[in-house]
Amino acid sequence: MAQSIEKNRQKNVVTNAVPGFLPGDDAVVAFDNVSLGYGGSREAHLSDANYILKSLSFQLPAGSFHFLTGPSGAGKTSLLKMIYLAQPPSAGRISLFGETVNSSDRAQIARLRSKLGIVFQEFRLLEHLNVFDNAALPLFVHGQPFRQYRDDVSELLSWVGLKNQLQAMPHVLSGGEKQRLAIARAVVTRPTLILADEPTGNIDYAMGLRIMRLFVELNRLGATVLIATHDESLVRASGMPVLELKDGHIFRRDLNATVPS
Amino acid sequence: MTVVSRLASMKARHLLPDQDQREIALHYVIGVLCVLACLAALIVMASDRAARGWAREIRAEMTVQVRPTGLESGSVAAAKAAEVLAGVKGVGQVTAIEPEKAKELIKPWLGEAILDDLPIPNLVTVRLDPKTPATPKALTEALIAHDIDASIDDHSVWMKDVEQSALTIRLISFGIFFIIFTATAAVVGFATRAGLTARANIVEVLSLCGASDLFIAQRFQYRFARMAFESGLLGAAIAAGVMAVIKATGSSQSFAVALPFSWLDLLVLLPCPFVVAVIAAVTARIVTLRLLGGKG
Chain F
1 MAQSIEKNRQ KNVVTNAVPG FLPGDDAVVA FDNVSLGYGG SREAHLSDAN
51 YILKSLSFQL PAGSFHFLTG PSGAGKTSLL KMIYLAQPPS AGRISLFGET
101 VNSSDRAQIA RLRSKLGIVF QEFRLLEHLN VFDNAALPLF VHGQPFRQYR
151 DDVSELLSWV GLKNQLQAMP HVLSGGEKQR LAIARAVVTR PTLILADEPT
201 GNIDYAMGLR IMRLFVELNR LGATVLIATH DESLVRASGM PVLELKDGHI
251 FRRDLNATVP S
Chain R
1 MTVVSRLASM KARHLLPDQD QREIALHYVI GVLCVLACLA ALIVMASDRA
51 ARGWAREIRA EMTVQVRPTG LESGSVAAAK AAEVLAGVKG VGQVTAIEPE
101 KAKELIKPWL GEAILDDLPI PNLVTVRLDP KTPATPKALT EALIAHDIDA
151 SIDDHSVWMK DVEQSALTIR LISFGIFFII FTATAAVVGF ATRAGLTARA
201 NIVEVLSLCG ASDLFIAQRF QYRFARMAFE SGLLGAAIAA GVMAVIKATG
251 SSQSFAVALP FSWLDLLVLL PCPFVVAVIA AVTARIVTLR LLGGKG
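Heads up: the sequence lines are chains F and R, in that order.
Using our numbering, read the first sequence as starting at 1 and increasing by one per residue.
Using our numbering, read the second sequence as starting at 1 and increasing by one per residue.
These are computed hints drawn from the structure, not numbers from a lab.
Warning: the hint list may mix true and false statements.
[What the hints assert, rightly or not] SDA-like cross-link-like pairs, simulated, lysine to any residue; straight-line CA separation at most 25 Å: (1) K115/F <-> G293/R; (2) K247/R <-> L267/R; (3) K81/F <-> F215/R; (4) K81/F <-> L292/R; (5) K115/F <-> L292/R; (6) K163/F <-> H14/R; (7) K81/F <-> L291/R; (8) K81/F <-> A200/R; (9) K115/F <-> H14/R; (10) K81/F <-> L196/R; (11) K115/F <-> L16/R; (12) K115/F <-> T100/F; (13) K81/F <-> L289/R; (14) K81/F <-> T197/R; (15) K81/F <-> N201/R; (16) K115/F <-> Q218/R.
Chain F with its partners taken away, still in its complex shape:
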């Protein structure tokens, strides 16, 4: 059984042309022959054409930074959803922090998600909470006392440029401010893995660059980062490795640009 999995893994690494994704003990995310078809999970009867993602095998080493690109509908969001456990795969095995998560129960999902920081294109801020409370939400959820996190959250909000808007409600913030708040909320627990889905989709180029620098900085602090985007100019400007989804398969592209300062 183990040999068969290893054969499949090596086969898919080759066929999907993703060099550099060899198995490693320090992988934060590991996909092993993972497919996703719509019409229900684990649909063995689905034909090849029904799969949006086909036999993906790759790993994200701890501390790595990757972009995930691809045309609209390529499955970027679906892939992220599988990583943050909102979408089970139809086939294959997904490991997160060394744990197989295909059939996780709700408690395991909650525990694993507490190690994730997720940034959504549409921000998903809680409109009835102010900036401070939105940013502190994951800490509150994890039961940390207010006196323990108030200074950290204030400092973090200063770092993302929102120190003068701690009491502001989300509806008065600009798109860039909302995105920075969403990033602050995602990283406030110092997550091991940061996932961002089109984080610059609703903001201008300059703000996009600024936010990218935030992610790079977080990566330097030790977080593994995966950013789904279709913004090629930002990708090129960052010079970070790229995973590209095309026709249901994943490919790796390396760029030689410098990180904008």
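Please arrange chain R on chain F, whose structure you already have, making use of the hints.
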């Protein structure tokens, strides 16, 4: 960190937004259910008290019908029986009913016209000592010992009716309780589902932030428990007001006899807000956990 932001951060403890129109309607519905439940509780108390009072009255008295022997008149026979019965241990007051009074007692049923043609029973009422009441057997033995022909009615037939009526009222009231509490649970369950659906985005964000199902369920549990407590408090207050009005104005005499309220009955309303809050909390918790459990 300013004082304002510290205070603002307290809002994080209320992760669900303030109540909307649906929850105000829910407040009203639970409040009405609580009024009904509290009135049912007060009626149980009052009817139980009435039944116990009637039973006590009935048990405290026996009626002896004396049949004269030989040439003695009915009045003389009744007086003799009264004298004998007065000497029995456990008997308080004995009264031989005069023929005229006996006629007065049966006049409402038979009318005045035929009374003279009817043989009027010779009755003796025996009021028993409430502490050590005499038994019908003791009274019978005393009468036989003095060669008095009489029969004793200990009102046991009436007792059965009263006890049966009291039991029926209690069962009906408990039935009403059960229906009201299950209705409350159903309403809260429905509202929890609606609340989860309306706040699916909040639930999802909490879940993606690593909140466990239990954590999310606790938010809804707390929300609905607090709401039910407030509604229960209001319901109990309204029911207490209704009772106070009935008692203070005296209402009709027959109403006071049928449902003799006591101010102490108000104590039974105290647990109402807590009971309804517990029902709401448990229901909200179960429904939330069940709904979240079905999601990936």
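Here is what the structure says about each hint:
1. K115/F <-> G293/R: It holds: about 21 Å lies between the C-alpha atoms, which stays within 25 Å.
2. K247/R <-> L267/R: 15 Å, holds
3. K81/F <-> F215/R: Holds, at about 22 Å.
4. K81/F <-> L292/R: 18 Å, holds
5. K115/F <-> L292/R: 21 Å, holds
6. K163/F <-> H14/R: With a Cα-Cα distance of about 23 Å, the restraint between K163/F and H14/R holds, given a limit of 25 Å.
7. K81/F <-> L291/R: Holds - the C-alpha atoms of L291/R and K81/F are around 20 Å apart, at most 25 Å.
8. K81/F <-> A200/R: Within the cut-off at roughly 17 Å; holds.
9. K115/F <-> H14/R: 24 Å, holds
10. K81/F <-> L196/R: 21 Å, holds
11. K115/F <-> L16/R: 24 Å, holds
12. K115/F <-> T100/F: 15 Å, holds
13. K81/F <-> L289/R: 22 Å, holds
14. K81/F <-> T197/R: Since the Cα atoms of K81/F and T197/R sit roughly 21 Å apart, the hinted pair holds (cutoff 25 Å).
15. K81/F <-> N201/R: Judged against 25 Å, a Cα distance of about 16 Å means the pair holds.
16. K115/F <-> Q218/R: Status holds; Cα separation ~22 Å.
No hint from the list above goes unmet by this structure.
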